[in-house]
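Visitor: Sequences and hints are given; from them, build the entire structure.
There are 2 protein chains.
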Amino acid sequence: MNGELRVGLDIGATKILGAVIGEGGAVVAEARQDTRPGPDGVLETATAVLDLLAAALDGVLPPHIGIGIPGIVDRQRGAVSHAVNLGLGGDWFPLADRLSGRLSGRCGATVIVENDLNAATWGAHVLSGADDLAYLALGTGLAAGLVLSGTLRRGAHGAAGEIGHVPVDPAGGTCSCGQRGCLELLASGSALTAAWPAAGDVPPAAALFAAAAAGDPRAVAARDRFAAGVADAVRMLGLAVDPAAIIIGGGVAHVGEPLLAAVSAALRAQAATSPFLAALDLAGRTALLPGRAPVGAIGAALIGNAR
Amino acid sequence: MNGELRVGLDIGATKILGAVIGEGGAVVAEARQDTRPGPDGVLETATAVLDLLAAALDGVLPPHIGIGIPGIVDRQRGAVSHAVNLGLGGDWFPLADRLSGRLSGRCGATVIVENDLNAATWGAHVLSGADDLAYLALGTGLAAGLVLSGTLRRGAHGAAGEIGHVPVDPAGGTCSCGQRGCLELLASGSALTAAWPAAGDVPPAAALFAAAAAGDPRAVAARDRFAAGVADAVRMLGLAVDPAAIIIGGGVAHVGEPLLAAVSAALRAQAATSPFLAALDLAGRTALLPGRAPVGAIGAALIGNAR
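Those protein sequence lines, which keep their order, are chains A and B.
For the first sequence, our numbering begins at 1 and goes up steadily by one.
For the second sequence, our numbering begins at 1 and goes up steadily by one.
Calculated directly from the structure, the hints in this document are not laboratory data.
The beta-carbon is built from N, C-alpha and C at its ideal position, and this holds for glycine as well.
A hint or two may mislead.
[Said to hold, decoys possible] Simulated restraints, written as ranges between beta carbons of each label pair: (1) A:40 - B:279: 24 to 32 Å; (2) B:172 - A:290: 32 to 40 Å; (3) A:290 - B:89: 40 to 48 Å.
[To be verified] Residues from chain B that face chain A, not an exhaustive set, calculated with beta carbons under 7 Å: (4) 155; (5) 157; (6) 159; (7) 160; (8) 168; (9) 170; (10) 177; (11) 179; (12) 240; (13) 241; (14) 244; (15) 273; (16) 274; (17) 276; (18) 280.
[To be verified] One side only, chain B facing chain A, incomplete, derived with CB under 7 Å: (19) 162; (20) 163; (21) 165; (22) 166; (23) 169; (24) 178; (25) 236; (26) 239; (27) 242.
Guide: This is how it looks when you write it as structure tokens:
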């Protein structure tokens, strides 16, 4: 009965989101838990999410579990390292084996592990139907994932799409990567928070866009600077890779249409002086995913199909 | 006898270079003529080059002719437009049909037309043996071609690799494309000539590198600024696309090893402050093509295999 269902886990620093996914990316069940850090904490939280999903399916988990997780991933071994925000250090943590061990006796699931941005990019590919796309993730940092002509592009060193660390201003500040003037300093959740610190429980991006919509001139200026930075990222992807679609995701994308409107306006402003750039119609290719589907969990569940 | 041979023409603003290519990219015969501009001029020059090649082959041309030409190419129709330096304007010039017409009665050759940078990129793929590469062409302008996992990446709008028009300095000058601070203003033949104008018949790049090697401090500074710009281009390709190899070509690459040494030094200097960048080993992935093979003609001859 569950042969066509798959489980996806999107492991993040604050929560683990799990979903049972059917044909075409349909979400059959969802569950989430706050992440406990460290190898044992991650394992316990993941198991708890899987228990909740199993409970939603009369106790039987589908036999394929895909995991998206930050850090450096060894897909062959199902292991992860350097996921600093999860409390996972330089040693390889054999996540697939450890989780399989926990599940043994309950189900003989295959567990695969993938970098979280690659998983989300695959999810964006499934949800959008676009066969050729860049998924621009505006999270704490800035990076893109690529699906080119239907194939996930990881790159020779796993660095494809790492445009956040391309310097774009010799007079810019120092980046955490050690370079100066990186694009990430302009267009990322961190950049936005620095420009418009959170007040209370409202996320900084939501607060900034609300204040700008209300006409606060400082907020309008900060929003437009941020949107121009995101437009810089879209342009860099458009010129370097030229994907058919550029899909904006990540936490900042929860702002929704006002974000897309601001970025589109910035893209049109870029192109106003350049017929070359105008002909590429980057604004017309840039989009958000519809709704708030768990793109990372969907991609983690289905990306095994990609290999 | 000629069944395994192919003809490649590399049509440039100053000359048309033709070559008969055998298995693996081996050059069997070569010919060149100064380019006459305009549709009829290009056609006459191309025919003259083909006549020379035929003469080298006992009068019989191989039945496949591939052409690399600047401008916008409609591969289906074998037509070209907007090759400004060739005197070809906005109207489509049906180069394949016109050339086939000239050759009819002599050979029933298939003529295919490809953008010259794509042709050269395919030639670099053949000559280097690299299956995953960016070909960074330092010509009058700056652009890259991409072969990713063995497939030529053109992009959704034919713009993949157009990194020359990514702005990298808000305080930079105005680019011919209408934007400000484009990478092409730092790393291109034009940028080099502006920094070190030609004296006599020596190409500016050769003159600059010779003067720098002789210890002229102004030349050393100009060379190092140029090399830093090329390193910026390599880094952008490395972070956006992450190809296994980055091969530097174009007219400026005729400088040879001293160019590669300067660019490698600039790449190491970039990475000195950034463990992230150092781990990507961009200097170790950057290379020149060996010798002075006619990479554009070789690629034009063989790129038909790619489809």
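Visitor: Now, for every hint given, state plainly whether the structure supports it.
Guide: Hints, verified against the model:
1. A:40 - B:279: 24 to 32 Å: holds, 29 Å
2. B:172 - A:290: 32 to 40 Å: holds, 38 Å
3. A:290 - B:89: 40 to 48 Å: Check passed, 43 Å falls within 40 to 48 Å.
4. 155: Holds: closest Cβ of chain A sits about 2 Å from residue 155 of chain B, inside 7 Å.
5. 157: holds, 5 Å
6. 159: holds, 4 Å
7. 160: Cβ of residue 160 of chain B sits 4 Å from chain A, so the hint holds.
8. 168: holds, 6 Å
9. 170: Since chain A brings a Cβ to about 6 Å from residue 170 of chain B, closer than 7 Å, the hint holds.
10. 177: holds, 4 Å
11. 179: holds, 5 Å
12. 240: holds, 4 Å
13. 241: holds, 6 Å
14. 244: Where the cut-off is 7 Å and the nearest Cβ of chain A is about 4 Å from residue 244 of chain B, the hint holds.
15. 273: Holds, about 4 Å.
16. 274: For residue 274 of chain B, the interface hint holds, since the closest Cβ of chain A sits about 3 Å away, which is under 7 Å.
17. 276: Holds - the Cβ of residue 276 of chain B comes within 7 Å of chain A, reaching about 4 Å at its closest.
18. 280: holds, 5 Å
19. 162: holds, 5 Å
20. 163: holds, 5 Å
21. 165: Holds, about 6 Å.
22. 166: holds, 5 Å
23. 169: Holds: closest Cβ of chain A sits about 6 Å from residue 169 of chain B, inside 7 Å.
24. 178: Holds, because the Cβ-Cβ distance from residue 178 of chain B to chain A comes to roughly 3 Å (cut-off 7 Å).
25. 236: holds, 5 Å
26. 239: holds, 5 Å
27. 242: holds, 3 Å
The structure fails none of the hints (numbered hints given earlier).
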